[in-house]
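Asker: I would like the entire structure built from these sequences, with the hints used as guidance.
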Amino acid sequence: MDNLQLLISGLANGCVYGLIALGFVLIYKATEAVNFAQGDFMMLGAFVTIGLTNTEYMGLPFWLALPISLGIMALLGYLLDRFIIRRMFGESQTSVVILTIALGFVIRFVAGLIWGHEPQSLQNPLAGKELSVGGLVLGLEDVAVIVVTILLTWGLYEFFNRTKLGLAMQGASQNQLAAYYMGVPVKRVQGFIWALAGAVACVAGILFAAKGAVDPNAGLMGIKAFAAAVIGGFGSLPGALAGGLIVGVIEPFASRYIAAGYSQIAPYALLLIVLIFRPHGLFSQVRIKKV
Amino acid sequence: MRIIFKTDYMQDIRPWKDGYQLSLYLLLLLVMIAAPFVIDDFYLGELTNVFVWALAGLGLMVLTGHTGQASLGHAAFLALGCYINIILIEQGLPFMVAFPIAGVLTGVIGMVVAVPALRLHGIYLAIATLAMSILVDDIIVLTEPWTGGVGGKYAPSVNVFGVMIDRWGTPREFFYLVLGVTVIVTLGYINLLRSPLGRSFIAVRDSEVSAQAMGIDVARTKAISFAISCGITGLAGALMGLFSGAFNNETFSVVISIQLLMMIVIGGLGSIHGAFFGAIVVGFLPQFLSISKEWVGGVFGSNTVAIPGLEFGIFGMILIMFILFEPMGIYGRWLKIRTFFELFPFYRKDMFKRQKSYLKTERLR
Amino acid sequence: MSILELDNVTLKFGGLTAVNKLSFSVEQGEVFAIVGPNGAGKSTVFNLISRFYDPYEGSIRFDGHDLLKQKASGVASFGVARTFQNIELFDHASVLQNLLVGRHRHRQSNFLSELFFTPSVKRQEMQNRQLVEEIIDFLDLQAYRDKMIAGLPYGVRKVVEVGRALATDPKLLLLDEPASGLSVEETSDMRWWIDDIRRQMGITVLMVEHDMGLVSGVSDRVLALADGAKLALGTPSEVQSHPAVIEAYLGKAS
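Protein chains in written order, with full-length UniProt numbering: chain A, 1 to 291; chain B, 1 to 365; chain C, 1 to 254.
These are calculated hints, taken from the structure and not from any lab test.
If a hint is listed, it holds; no wrong ones were tucked in.
Only pairs whose alpha carbons sit at most 25 Å apart, straight line, appear in this in silico PhoX-like list of lysine-lysine:
| # | chain 1 | residue 1 | chain 2 | residue 2 |
| --- | --- | --- | --- | --- |
| 1 | B | Lys17 | B | Lys6 |
| 2 | B | Lys17 | C | Lys147 |
| 3 | C | Lys122 | B | Lys17 |
| 4 | B | Lys6 | C | Lys122 |
| 5 | C | Lys147 | B | Lys6 |
| 6 | A | Lys187 | A | Lys164 |
| 7 | C | Lys147 | B | Lys336 |
Answerer: Laid out in structure tokens, this is it:
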């Protein structure tokens with residue numbers, strides 16, 4: 001029973017990792033760029049929502065604040081692409097990585113300026129409520145986190161594989177020039193995907209701040225989420241979620257059954273093992289340069 | 001406008017273009033040797049810090065700037081070099097023996113680590129090295145009997161040719177130690193770059209397929225590059241440990257890894273100058289910020305308040321500006337300015353045009 | 001005496017057969033051209049010789065050595081150099097450095113001697129520099145010696161790539177579409193160079209080319225490929241008038 005409890009809370013944590021990982025994969029799938037600031041996006045989304053809802057700030061009702069903050073984060077994602085990332089067209093993948101890491105620094109700095117460096121929780125309607133199922137006591141927040149994550153992943157997966165726009169995005173990622181010639185508005189598609197990634201990060205941030213507390217350095221969690229994305233096979237949406245869940249579950253169990261210090265190590269050790277045996281993630285994508 | 005006439009093959013082989021350029025570098029070296037007698041101990045410490053960072057930057061430059069393998073984990077090798085050096089000294093070895101061993105051992109470990117990493121490309125290599133850096137941070141805590149864990153260790157005074165050197169007691173001698181190591185490493189680096197090995201690094205960076213077709217073993221070259229890079233980084237780590245006086249796992253956190261990579265990007269990837277320019281930015285930015293904060297505080301009459309994260313925020317903004325507007329870094333900008341004057345009035349704006357390519361994946365589904 | 005022999009070589013990508021039981025041999029000192037429509041497997045043959053791909057079956061022998069036992073980087077050590085269809089130069093290095101990389105297979109020095117730049121390394125570099133200068137003279141690249149590749153026009157890059165291959169001092173030179181993208185004038189330069197490479201330097205040339213003018217101008221023998229299999233082999237005029245070749249290019253006459 002104890003293990004089950006541990007599993008549920010691990011899964012709930014894993015869902016947040018999984019959602020950040022989703023953001024990584026979304027952007028990677030559509031633009032082949034890697035947004036290392038995704039974790040900081042999550043943190044920013046959390047703070048924007050806190051700024052709108054919490055009584056010491058604006059104190060708006062939660063259900064009103066929710067769409068507003070989603071909109072703000074989507075807009076930020078779009079603007080970021082419009083004014084910064086788009087200029088990186090044709091530069092190497094590594095430059096984009098370094099750029100987004102720098103961007104993460106800036107976001108952390110700005111968030112610290114606005115909301116301070118104390119950890120803060122999101123005031124939400126589910127706070128403190130519990131659900132008990134057959135002797136198992138679950139935080140309603142944990143349940144909400146898991147449900148929302150599964151729904152979102154499923155929706156995005158369907159979107160990418162069934163709709164015309166989703167397919168256009170996949171095309172744009174694989175050959176920009178060819179997609180452009182085929183009439184795919186590559187730039188607009190890119191802007192849209194960054195907006196979407198911003199919104200997904202915002203959802204992750206809300207869930208994270210609802211079940212815990214967020215401070216500007218929470219964005220560094222993005223690194224762990226990135227590990228999750230790679231473990232799950234970069235480029236696959238359900239894989240990202242799976243990777244997030246694996247990382248989320250492995251952490252509490254490692255600290256319980258090995259030693260407290262190992263909960264930090266376990267995800268990265270797993271990542272290294274995956275990279276050594278499957279250099280391109282569990283979900284293999286072969287890269288052979290054609291000459 | 002200065003024109004260099006080439007009359008001898010040696011002109012392409014020796015590291016300087018002409019006597020004028022050589023004398024400029026010698027002058028710079030003289031200024032550095034004279035520096036401890038001109039500036040006070042505080043700024044001498046800052047200057048020493050710049051050289052330690054430059055040395056670490058040189059280490060990463062070999063791998064990232066010249067071989068094209070981005071590493072987000074070089075703080076791990078800084079830590080290795082630092083701890084190996086100190087532990088060997090504690091075992092009773094003299095510094096003059098422990099220091100080179102720290103470099104070589106870090107290099108060897110780097111090469112061993114590199115073997116599985118060789119199969120990784122671009123972003124996957126970056127994330128693997130990042131993971132390694134995080135792991136080393138935790139491993140230092142877990143191996144407390146050797147490393148002192150979170151409590152850390154203190155750097156002893158070291159004996160160099162009979163002179164006891166200590167960061168605080170004898171800052172001047174410490175500066176000369178760091179300067180000496182940096183100059184020697186830089187000279188070795190220059191030699192490698194004008195030799196077949198250095199050219200094979202560049203070949204691997206720019207096109208792995210044609211490097212192979214020219215008879216360069218790509219995996220082996222990358223492993224050697226890793227070894228050299230980690231070796232230099234290990235030396236820098238050893239000096240960094242001595243410089244900071246006391247250190248623990250936090251001294252070599254993953255943030256240092258990231259900062260190191262950003263530093264050489266700002267300085268200019270693929271050039272020795274870049275490591276030094278980047279180190280100047282990293283080394284003097286905190287000073288510059290505190291001075292300008294005081295100035296702002298003076299103007300607006302408010303108290304100077306510490307703003308956490310300011311340094312990294314500004315650093316990030318500088319980096320974003322560079323990547324967007326001057327991807328070749330400070331060194332690239334410097335080259336442009338120099339070329340402008342050398343060719344005056346014939347400079348064209350597109351002389352340093354970079355090649356852009358449309359993204360085309362090689363993924364197979 | 002044949003210097004390069006391919007025997008019954010097959011390569012499959014998944015279900016697609018890119019090269020199908022191909023056998024041919026290149027004689028010492030000749031210019032041998034491979035022609036064929038797009039997707040016929042011409043470049044794939046080059047990549048097989050360069051050991052970028054492992055054949056499914058068959059053997060490739062060069063100058064008495066079994067190339068299939070070599071790694072991709074080992075092929076150059078026997079004296080096989082190549083150029084690439086889409087130019088694979090070292091973009092952020094100068095022309096001189098690019099050519100010097102070609103000398104890599106003759107490297108005598110090791111890490112330590114290079115670190116200290118010992119007199120023997122210096123002598124080696126002087127010699128490399130001199131040999132590279134001869135190639136610069138031969139290909140008229142003097143004006144571009146210290147220029148970065150990234151800023152050079154396409155035609156010049158094409159020539160630099162030939163120069164880099166020549167700098168390895170090869171026995172066999174593989175040219176992958178040496179004239180594609182070149183102007184009429186540049187193509188005729190290329191033609192004389194290929195002629196000189198064969199006559200003056202005594203290097204065997206194997207090339208893939210679409211420009212039939214160039215092919216019939218310089219080559220001794222031509223191999224026509226379609227769908228990875230041999231269509232015809234003979235002198236340029238024989239191949240050009242071969243019914244199977246005409247059919248592959250123009251379709252079946254009704």
